[in-house]
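> Going down the list, the sequences are from chains W and G.
According to numbering that gives the first Met the number 0, the first sequence is numbered sequentially starting from 0.
According to numbering that gives the first Met the number 0, the second sequence is numbered sequentially starting from 0.
Calculated directly from the structure, the hints in this document are not laboratory data.
Since we're looking at a predicted model, the values are computed, not measured.
No residue lacks a Cβ here, since even glycine has one placed at the ideal position from N, Cα and C.
Be aware that one or more of the hints could be misleading.
To be verified - Cut-off 25 Å, straight-line C-alpha distance, at most; resulting in silico cross-link-like pairs (BS3-like, lysine-lysine):
#: 1; chain 1: G; residue 1: K76; chain 2: W; residue 2: K106
#: 2; chain 1: G; residue 1: K160; chain 2: G; residue 2: K143
#: 3; chain 1: G; residue 1: K76; chain 2: G; residue 2: K94
#: 4; chain 1: W; residue 1: K308; chain 2: G; residue 2: K160
#: 5; chain 1: G; residue 1: K136; chain 2: G; residue 2: K160
#: 6; chain 1: G; residue 1: K136; chain 2: G; residue 2: K97
#: 7; chain 1: G; residue 1: K90; chain 2: G; residue 2: K247
#: 8; chain 1: G; residue 1: K98; chain 2: G; residue 2: K136
#: 9; chain 1: G; residue 1: K44; chain 2: W; residue 2: K106
#: 10; chain 1: G; residue 1: K154; chain 2: G; residue 2: K143
#: 11; chain 1: G; residue 1: K160; chain 2: W; residue 2: K305
#: 12; chain 1: G; residue 1: K98; chain 2: G; residue 2: K76
What the hints assert, rightly or not - Calculated from the model, a selection of chain W residues having no Cβ within reach of chain G, i.e. all distances over 10 Å:
#: 13; residue: S19
#: 14; residue: L30
#: 15; residue: D136
#: 16; residue: L150
#: 17; residue: G210
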Amino acid sequence: MRESFFPEFDWYTVFVQPWSEYGVNSFWIVLMGFLVSGTCGLVGCFVVLRRMALVGDAISHSLLPGITLAFLLTNSRDTLPMMLGAIVAGVATVALIEAIRYSSRIKPDAAIGIVFSSLFAVGVILITAFADKVDLDAECVLYGELGFIPLQDVAMFGGMEIGPEPAIRMAIIALIAIVLLIAFFKELLVTSFDAGLAASLGINPTRYQYGLTLFLSIVIVSSFESVGVVLVIAMIIFPGATAMLLTDRLPTTLWLATLISALYALLGFHLATWLNASIAGGMTVIAGLIFGIVWAVAPNRGLIAKFAKRAPESERIALDAA
Amino acid sequence: MKTIRQSRSIDPTIDNPMQEPPQSNQSAKAIAPLEIHDLTVAYTKRPVLYGIDLEVPQGSIVGVIGPNGAGKSTLIKAVMGLLPVASGWIKVFGKPFKKAVTRVGYVPQRESVDWDFPVNALDVVLMGRYGRLGPFKRPSKADKEIAMACLEKVKMEDYAKRQISNLSGGQQQRVFLARALAQESDLYLMDEPFVGVDASTEAAIIDILRELQSQGKTLIVVHHDLTTAPEYFDRILLLNMRVVAFGKTEDVFNFENLQKAYGGRLSILSEVALTRARKKFEGDTRENVSE
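Please model the complete structure; the sequences and the hints are all you need to start from.
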């Protein structure tokens with residue numbers, strides 16, 4: 000008898016059991032997944048609009064040498080040195096890309112490729128050469144694993160347990176992202192749409208470009224434990240890109256991106272449970288599926304809508320010809 | 000003492016009523032909307048503009064004309080501080096640009112933005128108000144009303160809620176113009192506003208330029224069409240990395256200057272335009288020249 004490639008799909012074990020038997024654990028994992036994909040998605044809307052998607056990918060890869068160096072220098076896995084290492088790496092990546100672009104004939108895409116692959120390779124060398132000294136699991140850095148997030152480290156606030164530390168930390172980053180977004184909405188909008196106009200209005204586009212890059216580095220370093228440096232770019236690009244197929248307004252795009260990223264966390268978790276696979280992988284596969292569906296059926300901009308719109312036109316041409 | 004106070008005031012009406020108007024007129028005239036001295040702008044050490052000296056008088060419509068790569072857009076971008084200045088200085092209403100931002104309106108080239116951006120026409124016009132809002136402030140209801148009125152001015156009120164990629168080229172340019180109107184500035188910098196627009200939009204734009212001029216505003220317009228230039232602008236700046244000529248259209252727009260600016264690149268078509276333009280100006284003085 001031929002064994003099925005996929006494990007058998009059983010409604011109970013895939014959708015009910017995780018909640019009935021491991022309810023609290025599942026809740027924190029899904030919430031953590033949502034906090035990661037939601038924060039990445041919100042920041043990602045602007046990354047996509049500003050055509051910085053590849054730069055985001057470069058930053059996420061350059062985190063590997065950044066955090067490895069930070070670890071070698073401080074010999075600790077505390078948040079602060081990791082964060083600083085990542086930010087330095089992120090800023091260095093962007094500065095190097097810009098330097099190559101401006102001082103040579105190399106085009107931006109090639110400059111991005113050169114910078115991120117060489118920095119990433121430095122990270123690989125560091126992490127393998129000092130494997131005995133570096134208490135970083137290369138696999139974990141690359142792919143992340145929501146299931147292994149230490150939920151037993153409980154954050155305390157005013158003597159009360161408020162939840163697992165990683166989730167609380169991510170929630171704080173998410174909150175900062177939302178506050179910054181509300182505070183600087185019009186500046187982000189105008190610098191993304193028309194840098195020249197922004198400058199003529201006295202809003203410095205370069206400042207917001209660097210601010211966004213900096214915050215993107217912070218978001219990526221906070222997310223890599225959960226989804227890894229390779230897949231984090233999916234969480235950055237997919238929500239915004241999918242939402243933009245559905246709406247014509249930026250505020251709606253941001254709401255939809257948040258909603259969509261919640262679906263990634265929930266459905267990705269169940270997909271991973273069913274296949275007994277990586278949750279980050281599951282979330283990304285769901286992200287790809289949702290994008291595919293929206294791309295096909297979105298009103299006005301979807302493939303089907305475009306095809307339907309074209310039909311009457313060709314009929315008209317046929318009529319004209321007749 | 001008196002003269003110092005006068006030269007500081009921009010608006011003669013807020014001056015001491017005891018003082019005589021002619022003198023305050025003099026001081027208002029002294030503060031040019033745009034003054035450029037010995038400006039050099041370079042991209043990676045290769046100069047694109049050099050030795051630019053310019054004083055644009057208030058209330059003029061200046062056409063900036065020159066061949067491709069003459070630095071027309073560069074000049075506008077340098078005025079707004081978008082490009083580093085290698086030497087020289089630029090003053091806008093007697094101040095550095097950063098201190099006069101609210102007095103400058105800008106219309107960028109249409110292809111400089113991504114028209115798929117998730118904003119509608121009204122959102123774009125509303126951006127013109129952002130310079131007047133402080134940090135953390137959102138556009139108010141009054142700002143929205145002003146934006147809507149500006150859309151009406153360019154006859155685009157029916158398209159306010161339409162996503163900008165669903166507008167024609169002419170309509171997009173009108174939205175940009177409405178946004179510049181919403182900036183309520185005194186000096187407008189426009190980068191090729193007539194490119195790729197239909198005839199009715201071109202006429203609508205020129206009407207608005209004239210209206211702005213009649214309100215005492217100053218306009219600097221990058222333009223490439225030599226046939227319409229003498230008709231649209233009362234002053235011409237002929238640019239080819241340096242200032243070839245700058246002055247009243249009838250003094251500057253002649254064959255010699257254009258040849259200096261365009262060199263061998265003057266196409267047959269533009270030569271035809273030139274001959275026409277020359278006839279237009281010289282016809283007044285030399286009678287019976289035509290036929």
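> Against each hint, give a clear statement of whether it holds in the structure.
Going down the list of hints, with the structure as the test:
Only pairs whose Cα atoms come within 25 Å are accepted, and K76(G) paired with K106(W) is accepted, the gap being roughly 23 Å. Distance hint between K160(G) and K143(G) is fulfilled; the C-alpha atoms sit about 13 Å from each other, no more than 25 Å. As the CA atoms of K76(G) and K94(G) are separated by approximately 17 Å, the hinted pair is consistent with the 25 Å bound. Proposed proximity of K308(W) and K160(G) is supported: the alpha carbons are some 21 Å apart, at most 25 Å.
Between K136(G) and K160(G) the alpha-carbon distance is near 23 Å, which keeps this suggested pair within the 25 Å criterion. The straight-line distance between the Cα atoms of K136(G) and K97(G) is roughly 20 Å, inside the 25 Å bound, and the hint therefore holds. Between K90(G) and K247(G) the CA atoms are separated by roughly 21 Å; this keeps the pair inside 25 Å, and the hint holds. Note on K98(G) and K136(G): the hinted pairing holds, with a Cα-Cα distance of about 20 Å set against a maximum of 25 Å.
Note on K44(G) and K106(W): the hinted pairing holds, with a Cα-Cα distance of about 19 Å set against a maximum of 25 Å. Taking the CA atoms of K154(G) and K143(G), the gap is near 16 Å; set against the 25 Å cutoff, the hint holds. Of the pairs offered as hints, the one joining K160(G) and K305(W) holds, with about 21 Å between alpha carbons and a cut-off of 25 Å not exceeded. The suggested pairing of K98(G) with K76(G) holds, with an alpha-carbon distance near 16 Å, which does not exceed 25 Å.
The claim that S19(W) lies off the interface holds: its Cβ sits roughly 41 Å from the closest Cβ of chain G, which is beyond the 10 Å cut-off. Even its closest Cβ contact with chain G, about 28 Å, leaves L30(W) beyond 10 Å, as expected for a residue assigned away from the interface. The beta carbon of D136(W) is kept farther than 10 Å from every beta carbon of chain G, the shortest such distance being approximately 40 Å. Its beta-carbon lying about 37 Å from the closest one in chain G, L150(W) satisfies the requirement of being farther than 10 Å from that chain.
With a minimum CB-CB distance of about 13 Å to chain G, G210(W) clears the 10 Å threshold, and the non-interface call stands.
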